[in-house]
Amino acid sequence: MSKPKVNYLQENIRNFSIISHVDHGKSTLSDRILEVTGAVNPRDMKEQFLDSMDIERERGITIKAQNVRVEWKEHILNLIDTPGHVDFGYEVSRSLAACEGVVLLVDASQGIEAQTLANCYLALESNLEIVAVLNKIDLSQSDPERCAQEIEQVLGINSQEILKISAKTGEGINSLLDEIIKRIPSPKGDINAPLQALIFDSYFDQYRGVISSIRVVNGTLKARSKLKFLQANVTHDLEEVGLKTPDPTPVDMLRSGEVGYIVANVRDVQESRTGETVTDALNPATTALEGYLQPKPMVYCGIYPIDGDEFPDLREALEKLRLNDASITYEPETSGALGFGFRCGFLGLLHMEIVRERLEREFNLSLIATAPSVEYQVELSTGEILNIDNPNELPQTSHVTGIKEPILKITILTPSTYTGTVMELCQIKRAELVKMEYLSPERIELIYNIPLAEVVIDFFDSLKSRTKGYASLDYEPNGMKPANLVRVDVLINGTAVDAFSTIVHRSKADEYGRKMTAKLRTLIPRQLFDVPIQASINGRIVSRETVKAKRKDVLAKCYGGDITRKRKLLEKQKEGKKRMKSIGRVEVPQEAFISALKLDE
Amino acid sequence: MRGLYVHVPFCKKKCDFCAFVTYENKDYLIDAYLKAVIKCLQRIDLSVFDTLYFGGGTPSILGSERISSILSIVGKKSEVTVECHPDDITQKFLKDLRSGGVTRLSLGIEAIDQEVLKDIGREKPSRDIFQVVSEIIDTKFDVFSIDLIFGSRKESVDLWISTLEKLAGIVDGPNHMSIYSLTVENGTPLKRDSNRHPIERDLALKYKIADQILAGYGFSWEEISNFSKANSRSIHNGIYWSRGEYLGVGVGAHSFHGGVRSKNVSNIERFIEKVNKGESVVVYEESITHESKVIEETYLALRTPKGISRDSLFSSRHAKYLEKYFELNSNAVLNVDGRLIADEIFSMLDVRG
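Same order as they appear, the protein sequences are chains E and A.
Sequential numbering from 1 applies to the first sequence in the numbering used here.
Sequential numbering from 602 applies to the second sequence in the numbering used here.
Chain E with its partners taken away, still in its complex shape:
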């Protein structure tokens, strides 16, 4: 690994991010830049060097922002890798706030996608210089000319200025680095002003505490100084300040324009969140940098250990994960059916999936999750407003005067041949068309307002399958809107099962009820009596299925003294019974809950 050689000179610093759609080759380009600049010896090169989590590498996406300092022709280049998924949009905007320019990376075989646009608009809004680059020109199916035209038409970037590279083969990487130096401006911070530094990512290291990525905007961040975190309003002693080359390399100071990391004896990532402004406690800046946002969960679900004894382990695991990811929220909750667990909030569906996967994988837990839900605003006849993220908290209809649900503004880019099927999907999902625009004769941009609740249930998968994977999606929150929503309860032998209750639009309530009862009929083992399974809306039964009673369950013969076989069969049957939960007098195996809560199977 290389030691920093180029000396500090603010004019010679270039801070930039690479923005692109998933799969357009961002991580490969980052890897190539590390190689070409000599920051990483090709021998030590792991594919996707910056994606350090296993899940990131497996899924081919970046979840945490990373940064690395490289040197190129007497200049210092700080590459700030941004999360590649829309769930982490806020983190992208903070990463961009640490830059003066971006490399807009577009797959020359695909063209512009929804996230390309969304991130590019973010960059334009922040007045960042954009260096547009077409990647994968080595692929036979790539069409750089068409893509260049599209970029010019949609984003107003002169097609003559668009670079063409192959991150895979390395073609065009050197000239890209030259262009970055030529076109992206240097930072313009005031080195003599009081310190203002932006934290754009933090993670928890079990030996060192919180390690934060930081961009110094004004002033100097000196080793061993006392730091004040303005939004959290706490002070910490700075233990270490350094550069990532990409190995952490301690230095005496970071000066305005520089990007590096700090370790400041922070035990809780809540105190060192993305977007936080750090200053010198002895000579503090009076104002924080702009743009700090408390991340707000969009999707909620209940998470329960399959084995009730693992509840304390789940709590501990959530605590540990939250050290790393300040955007997770969790609160204990109890379910009659599932026992003790937590209601957790996530930035989006992918975030939810990742957290769940990490809990199971890194903490070795077996979990059951309820269907994802969103936060509703319920207006009561008393005038009181309730925010509920758990369907079971919805009061009786007679007390409710109105319910509002969160709305997303979504942007869909799709080949125009799929316009019809995409519009049909949006229709089913209660979306309202805002705008429709042809980006080229072959590609169309659709903008809709859509209830978040409809997106969290299989919208993305349906969109992908309807368009054979060609459509791309980006979204942003767009307020709350009243809707005709009801809660559907599922009753097993007359007893409502809280884990299956859900809030849905009235027009879809019957269907949900039918699906759920039909599914449960196949999952609930036969008992000694007929078991009715019903779905109800406000006490009115909308669908019913029956699990027929067991008529006979006895082995005819204890074979010529083969008592062992019989005993083992019975022990198995008995063991199965033990692991069942009682709903009233009905015994329901844990597996039935797990299968029933799986969406659309």
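Bear in mind the hints are in silico, worked out from the structure with no lab data behind them.
Hints should not be assumed to be uniformly reliable.
Here are the in silico distance ranges between beta carbons for each label pair [unchecked claim]:
1) A/N787 to E/S582: 28 to 36 Å
2) A/E892 to E/F340: 27 to 35 Å
3) A/E886 to E/D313: 37 to 45 Å
4) A/Y922 to E/D313: 33 to 41 Å
5) E/D143 to A/R793: 52 to 60 Å
C-beta: ideal position from N, C-alpha, C; glycine also.
For this one, chain E is given, so just place chain A on it according to the hints.
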């Protein structure tokens, strides 16, 4: 009481539902096998056993001379049972058995209707069943038992009723009946043909019908699938159900001795080879733990009119739902509805070791 069981793994034709160790094309091994069985018998003290049971397979395939030679080795026992196929029955065969010490004859009829026999995959016997029955009656065994299997889809309820009436109603006829529900066992031709699998509701109905008809002829249940008239209970089977000790001789046979359950090798060539080399034929052994013992006691007692203690029933959190499946006397004994779901009921009891 101690029981001795001898397994005879030969059949003229194996039935489609059968999962026992038995062979239909290995008659050439009969003599080698019997030699091996006799070797096994000669190694043990045969005086400790009270009962002897020839099961199969089809023990009657051996013929009366071979059976008698084993009987003479084992010696006189208070109960000696031979399972027989109707086609093997002759008056001489019966006489030889009776004089050789056989007290109990178990006749595998299974079904009397041709369509039903075909459906369960059992060859139609060449002899007339009722003629065979009357010859057995004339020979006057202490116990004459008949095996029936119910639950074929080709067997109407009326047909089942008439089958029972015709057999149980014979004057001075059988005093023991084994009534087995057709069971789909893994690895059988029946298993692979789901069109012939029995229907649960039909099985339940036919069992209840059997219980009532048999009661009308003076049979009462001694186990889930076994019914007998007064003083005609099977002593040997009773040993299995009361966790008594028994020794199984032969291929795939089971034993229970000194708290250990064991099983013999279930391949006939291996069995013969091991015996001839003087090796142990046991391939599975399990020391019964206290917990397993309690489980066995409970489910075996549940399957008989002995029943379980009232405490065993009322300690279950499901007791209030289970109560209606029991007759409560000094013990809790399953009624006919309960017998039909005995396994489910057992799984709901709070059995602790």
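Tell me, in ascending order, the numbers of any earlier hints that this structure violates. none
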